[in-house]
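Got two chains here, each in a separate frame; can you build the complex from them with the hints?
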Amino acid sequence: MIDKRIASCRDAVADIFDGATVMIGGFGEAGSPIELIHALIDHGARNLTVINNNTGSGHVGLAALIENGQVGKMICSFPRTANSTVFPDLYRAGKIELELVPQGTLAERIRAGGAGIPAFYTATSVGTPLADGKKHEMFDGQEFVQERGLTADFALIKSLNADRYGNLIYNKTARNFAPIMAMAAKCTVVQTQVFVEAGDIDPEVVVTPGIFVNRIVTVENPAQESKLVSAGVTYP
Amino acid sequence: MSNLTMSSLFMSKISQHNHEDASDKIGWDREQMAQKAAQDIPDGAYVNLGIGIPEKVARYVPEGREVIYHTENGLLGMGPTPEDDEIDFELINAGKKPVSAIAGAAYFHHADSFAMIRGKHIDVCVLGAMQVSAKGDLANWSTGAVDAIPAVGGAMDLVAGVKTIFVITQHTTKQGEPKLIEHCSYPLTGQGVVSRIYTDLAVIKVTERGLEVVELAPGVDFDYVQQRTGCELLRS
Numbered sequence: 002m003i004d005k006r007i008a009s010c011r012d013a014v015a016d017i018f019d020g021a022t023v024m025i026g027g028f029g030e031a032g033s034p035i036e037l038i039h040a041l042i043d044h045g046a047r048n049l050t051v052i053n054n055n056t057g058s059g060h061v062g063l064a065a066l067i068e069n070g071q072v073g074k075m076i077c078s079f080p081r082t083a084n085s086t087v088f089p090d091l092y093r094a095g096k097i098e099l100e101l102v103p104q105g106t107l108a109e110r111i112r113a114g115g116a117g118i119p120a121f122y123t124a125t126s127v128g129t130p131l132a133d134g135k136k137h138e139m140f141d142g143q144e145f146v147q148e149r150g151l152t153a154d155f156a157l158i159k160s161l162n163a164d165r166y167g168n169l170i171y172n173k174t175a176r177n178f179a180p181i182m183a184m185a186a187k188c189t190v191v192q193t194q195v196f197v198e199a200g201d202i203d204p205e206v207v208v209t210p211g212i213f214v215n216r217i218v219t220v221e222n223p224a225q226e227s228k229l230v231s232a233g234v235t236y237p
Numbered sequence: 135m136s137n138l139t140m141s142s143l144f145m146s147k148i149s150q151h152n153h154e155d156a157s158d159k160i161g162w163d164r165e166q167m168a169q170k171a172a173q174d175i176p177d178g179a180y181v182n183l184g185i186g187i188p189e190k191v192a193r194y195v196p197e198g199r200e201v202i203y204h205t206e207n208g209l210l211g212m213g214p215t216p217e218d219d220e221i222d223f224e225l226i227n228a229g230k231k232p233v234s235a236i237a238g239a240a241y242f243h244h245a246d247s248f249a250m251i252r253g254k255h256i257d258v259c260v261l262g263a264m265q266v267s268a269k270g271d272l273a274n275w276s277t278g279a280v281d282a283i284p285a286v287g288g289a290m291d292l293v294a295g296v297k298t299i300f301v302i303t304q305h306t307t308k309q310g311e312p313k314l315i316e317h318c319s320y321p322l323t324g325q326g327v328v329s330r331i332y333t334d335l336a337v338i339k340v341t342e343r344g345l346e347v348v349e350l351a352p353g354v355d356f357d358y359v360q361q362r363t364g365c366e367l368l369r370s
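So the protein lines, in turn, are chains A and B. 237 is the number that our numbering gives the last residue of the first sequence; the numbers go up by one with no jumps. 370 is the number that our numbering gives the last residue of the second sequence; the numbers go up by one with no jumps.
Next up, chain B with everything else stripped away, as it sits in the complex (with noise of 0.2 angstroms):
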């Protein structure tokens, strides 16, 4: 299946636009935050893609690069969402949501999965991120709260093994406090294992000399990112 087709078959799926991204908000919404994530996946790649927002990068991916998609329960080739009358229950997904194997998949087991993920197979995986440090710590799986429920699933498998780390995420909380900062408050995923920062306002390369803004959202100025960040930001 050439990619322009597989594309176009994840576009068909595309839930009606959500009206909170519609809204008069400055920057860039969800759906072209994976729009530029997709623009930097290249022709061949293998690629992991995270729940929320990263799944939505697979419908961007430009046309004439062909991807293919692991998913960490056993798959790679996975096709989007099936129609009502083709979901096989023991076809899912990480989220657990039914999928499609294309032509060409495979399945296997859980340790040959994570051989992928571990052994430096998979070239590109997106997550989200609940905080992400000026040297690349990624804070995506527990606020550490007492009463919270720990789960990590397989985050932490994914940062330490494939080989680039792109993070999609809101610049800041949704009480604006910041999401880049000098050093992570919350556990660990991994250490220095974020290697570009999509959010709403700039795309930022992590760099040895901290985060460098590669490109601003239109009407947003470097100044206003800098504001709304806990570290430091690089001018490119």
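One chain only, chain A, in its complex shape (with noise of 0.2 angstroms):
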């Protein structure tokens, strides 16, 4: 019998290695899987390299994992957003390593990579610094640069619903970035708000098959990160 289910975040978390490459989904705090994050910081893996549109906000979240020294190297759109300054102050002292994509490249890197496709063209970032160095080619007389795929070792994902399969939907811009890393990862690992007896979901509406995830932890009630910054809220 199928059942995804894991005991607590500390246990979903416990095989993330060293030098693992995480995906965290999460569009600023909307669908960012706090209690995995902070499950991951008390497990203590290093050197990770993390994917994620920010850099997290605070002192708690994805924040808190870069301030607590366990990232050799993030790869983001936008690391800076109201309330960052842990990413900001490591990368100006030369501590952190940054990889900056476009929003939508990011993206479609991380469908590519789930999807088994290693690389491919697009315009987005045609004479711009951030195509220097890679492969520029000619379509139908218009100039794309070459991008690749993104994969990662495991994928720290949250839902508003889960089912035994780990059939998944989302509550609304949560969604974001959680399909299509889901898609990515060897190991994705979902805190879900509610966990459904299989056939609740119907499966007109499943947003994310349940073959692209691997854990399902229960998180009843997740801590909202703008609640904890505001509070001045610190992790561990």
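Just to be clear, a hint being listed does not mean it is correct.
[Claimed, not checked] Straight line, CA to CA, 25 angstroms or less: simulated BS3-like cross-link-like pairs of lysine-lysine:
| id | chain 1 | residue 1 | chain 2 | residue 2 |
| --- | --- | --- | --- | --- |
| 1 | B | LYS230 | A | LYS228 |
| 2 | A | LYS136 | B | LYS254 |
| 3 | A | LYS228 | B | LYS231 |
| 4 | A | LYS135 | B | LYS254 |
| 5 | B | LYS230 | A | LYS74 |
[Stated by the list, open to error] Which stretches of chain A does chain B cover? Using the computed rule of at least three CB atoms under 8 angstroms from a CB of chain B, they are:
| id | stretch |
| --- | --- |
| 6 | 28-42 |
| 7 | 74-81 |
| 8 | 112-124 |
[What the hints assert, rightly or not] One side only, chain B facing chain A, incomplete, derived with CB under 8 angstroms:
| id | residue |
| --- | --- |
| 9 | PHE223 |
| 10 | LEU225 |
| 11 | LYS230 |
| 12 | ASP281 |
| 13 | ILE283 |
| 14 | GLY288 |
| 15 | MET290 |
The hints are simulated quantities; they were obtained by calculation from the structure and are not laboratory data. Where a beta carbon is used, it is the ideal one built from N, C-alpha and C, also for glycine.
If you want it as structure tokens, here you go:
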């Protein structure tokens, strides 16, 4: 019988190894799997390459993972946001590497990685410094730049509902990168707000089919990052 | 929801008119710049609005036109800022501010969202600018300063994929330096991508021959605008 449930966030991230590449869902706080990130801080794996659109806020969640010295490299599109000081400080001090990727290219690289496509061409960034050193090619009279697919050892994402097969639906704009990250990682770990019986999610509305999911942890009342940030909370 | 209702909803959320705008400064204020751009958004358009002055455009789309707003973090059919008691921190816009979803809205993941952009399905995008060149090159993501934290977000994808790019910007920097210039000195966001520019002094069309002034703000003549522009302007 297939049942992808795991008892705790701690158990769900226990085999994340030093040097692993980890995709973390979320656009700002929407969709950020904050309890899984905190479990990864407790677990302590180091020298991680983390793929996320941003670099976290305040001193909780992704920002806390970075602040704890566990991230060697960030792959993201927008590393500075309101209340984001951890990454900028480390970056200026030369203590963390940054691969800056246009947001749509980041999404497409993740989708391509998940679909077994090693590289693709796009018009985005042609003529800008972000295309420097990359292969260019003309198609139908227009110039395009080659971008590589992205895969990861682990993806940490958040859903609204999950069943034992790993079928997922999301809450509004918390969906963002989660469905494509689930496709692109060898091991996808989901924190779901509500665990439901198989069949309770209408097959017509399943967003992420269970084949892309490996582990499910139920976190009924996830913390709200912006509330923690405004209260000045730090983790650990 | 009719466009009239949409516009008045956006209107109801207008923050108090900025005193800066209400000064005796010559030319159009920021609301009027947004209003000018809104006149040129056609009925039935799918529109992406950048952060800052471009966000104001939604309030001024003329009555009788229905426009659908796309936000790149996964929502088509974005509505105005919700009341405090209706805020969901997982329903946000690209600026990570709470928004609402209109009846008939759709949520989707990041790769689909950027397929809308990069696949040329979005009709109009309104963006801010640091510099625009005589050829319509846009620089709006980095000054290239060594200590700056580079952050590009979705800007390069938008200019590469959206059919029509409008720019709303002050005509000069706070120091009085021209922002419309022969060649951009800052790193580019895209080459030859801008169609029209709405400044506090004029509405300008990008043509093959250069920048053509199509409308002057009240109390401003062609020579006044030319003196504050770093490339030769054409008369319409």
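Hint check:
no. : hint                : verdict
1   : B:LYS230 x A:LYS228 : 14 angstroms, holds
2   : A:LYS136 x B:LYS254 : 23 angstroms, holds
3   : A:LYS228 x B:LYS231 : 14 angstroms, holds
4   : A:LYS135 x B:LYS254 : 23 angstroms, holds
5   : B:LYS230 x A:LYS74  : 24 angstroms, holds
6   : 28-42               : holds (count 5)
7   : 74-81               : holds (count 4)
8   : 112-124             : holds (count 3)
9   : PHE223              : 6 angstroms, holds
10  : LEU225              : 4 angstroms, holds
11  : LYS230              : 4 angstroms, holds
12  : ASP281              : 6 angstroms, holds
13  : ILE283              : 5 angstroms, holds
14  : GLY288              : 4 angstroms, holds
15  : MET290              : 4 angstroms, holds
Of the hints listed earlier, there is not a single one the structure fails to meet.
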